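In order, the protein sequence lines correspond to chains A and B.
Counted the way numbering that gives the first Met the number 0 counts, the first sequence spans residues 0 to 203.
Counted the way numbering that gives the first Met the number 0 counts, the second sequence spans residues 0 to 203.
Read the hints as simulated data drawn from the structure, not as lab findings.
Everything numeric in this text was worked out from a predicted model, so none of it was measured.
Accuracy of the hints is not assured; some may be wrong.
The list cannot tell twin chains apart, which means a pair is met if one copy fits it or any two copies do.
What the hints assert, rightly or not - In the DSS-like style, the derived pairs of lysine-lysine whose C-alpha atoms are separated by at most 25 angstroms in a straight line are:
#	residue 1	residue 2
1	99	113
2	7	63
3	120	105
Protein chains: 2
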Amino acid sequence: MGIQDYLKSGNERLDKQLLFTAEIDRMTGVLRQTLLIDKSRRENDAEHSWHIAVMAMLFREYAKEPVDIGRVVQMCVVHDLIEREADDTFAYDEKANLDKEERERKAADILFSKLPEEQGKMIRSLWEEFDAMQTPDAKYAACMDRLQPFLHNTLTGGHTWFNGRVKKPMVEKRMAVIREFMPEVYKWIEANIERGIERGWLAP
Amino acid sequence: MGIQDYLKSGNERLDKQLLFTAEIDRMTGVLRQTLLIDKSRRENDAEHSWHIAVMAMLFREYAKEPVDIGRVVQMCVVHDLIEREADDTFAYDEKANLDKEERERKAADILFSKLPEEQGKMIRSLWEEFDAMQTPDAKYAACMDRLQPFLHNTLTGGHTWFNGRVKKPMVEKRMAVIREFMPEVYKWIEANIERGIERGWLAP
Chain A
0 MGIQDYLKSG NERLDKQLLF TAEIDRMTGV LRQTLLIDKS RRENDAEHSW
50 HIAVMAMLFR EYAKEPVDIG RVVQMCVVHD LIEREADDTF AYDEKANLDK
100 EERERKAADI LFSKLPEEQG KMIRSLWEEF DAMQTPDAKY AACMDRLQPF
150 LHNTLTGGHT WFNGRVKKPM VEKRMAVIRE FMPEVYKWIE ANIERGIERG
200 WLAP
Chain B
0 MGIQDYLKSG NERLDKQLLF TAEIDRMTGV LRQTLLIDKS RRENDAEHSW
50 HIAVMAMLFR EYAKEPVDIG RVVQMCVVHD LIEREADDTF AYDEKANLDK
100 EERERKAADI LFSKLPEEQG KMIRSLWEEF DAMQTPDAKY AACMDRLQPF
150 LHNTLTGGHT WFNGRVKKPM VEKRMAVIRE FMPEVYKWIE ANIERGIERG
200 WLAP
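Take these sequences, add in the hints, and give me the full structure.
Structure below.
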């Protein structure tokens, strides 16, 4: 029997929602470059999404503009869903990032069509808002999405930077949204970029 | 160097928040009895918390009373945090559940004291609300917390039930909040309890 045979509830909408729920469990197998803080293994998308959602509840006081935490947390838990189809693109892989947008748009078409239409649209629009980084909520969510792997890198011997031969300007570019939207937190980022260079984790 | 040496930002509140963020990463190592749907391994608390948070965005139409999804999603991502200290208690282990409350209360005292006071209180009160299952938001979050492992069990050959020698009345008790708060979803639960018995996954 296939998954769908277990999901026949007699209500077609509910079937779709249950199937979508089952399918996104695959996010637990989409691996990121980041290590867990205990260095035991690479982190997966489900773990990362959960982690930044909790963080969003903690760091709002540093945001330059008011944000709606309830919306941001929703944005955080769905912001990587399309990687179920498109896989994770390493933030510092310049080549892979060239066609990222196109790959992710196609992935979104596939993924969100699996839901009842208005729910697919609702989640897709949250993801698009996140990706565009124009609203305060999206900027704040993006800050969490950058701060979390930065923290992991700092606590795991610069693992991702070192293995990816990452240079300081690349990290600065990635962290620019924190510099703009959370200047107090950026001071800590800045100090640790310098320390990363001193330790040879990060190229100047 | 210890973790704390990397977290000296010059702002004591920020240090606490960063350290808390680093410490809760251990949720990725708190294993549940539930298998991932692809059966590759046991699920961890971070993955489970993320999964039910996304689900909360999908199933509100079946809730008997209006719920605030932004609050519920926050509740979902923090509802198991105290297991960082207290570990996961298998829902169907009657003995371990006898002292669960006391163990979890102590764990909460330790965990939430790591945060700036008002943030610790805020997250603790969300967790307590979840645990008490009295408000519509808490009932709905609890439904997600029950529906998700039920779905996983249904799709992994009844893994947890079979290994835990679980009986039908125990599952019915655990799913009671869904019967009360999401009767339409409970029809699907009920049908799959019967199928679980037919297949020998679940004792009558």
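Status of the hints after comparison with the structure:
1. Proximity of residue 99 to residue 113 under the C-alpha cut-off of 25 angstroms is restricted to the intra-copy arrangement: shortest distance 22 angstroms within a copy versus 39 angstroms between copies.
2. For a Cα distance limit of 25 angstroms, the shortest separation of residue 7 from residue 63 across copies, 22 angstroms, qualifies, whereas the shortest one inside one copy, 48 angstroms, does not.
3. Taking the shortest alpha-carbon separations for residue 120 and residue 105, only the intra-copy value of 14 angstroms comes in at or below 25 angstroms, while the best inter-copy value is 43 angstroms.
Against the hints set out earlier in the document, no violation occurs for any number.
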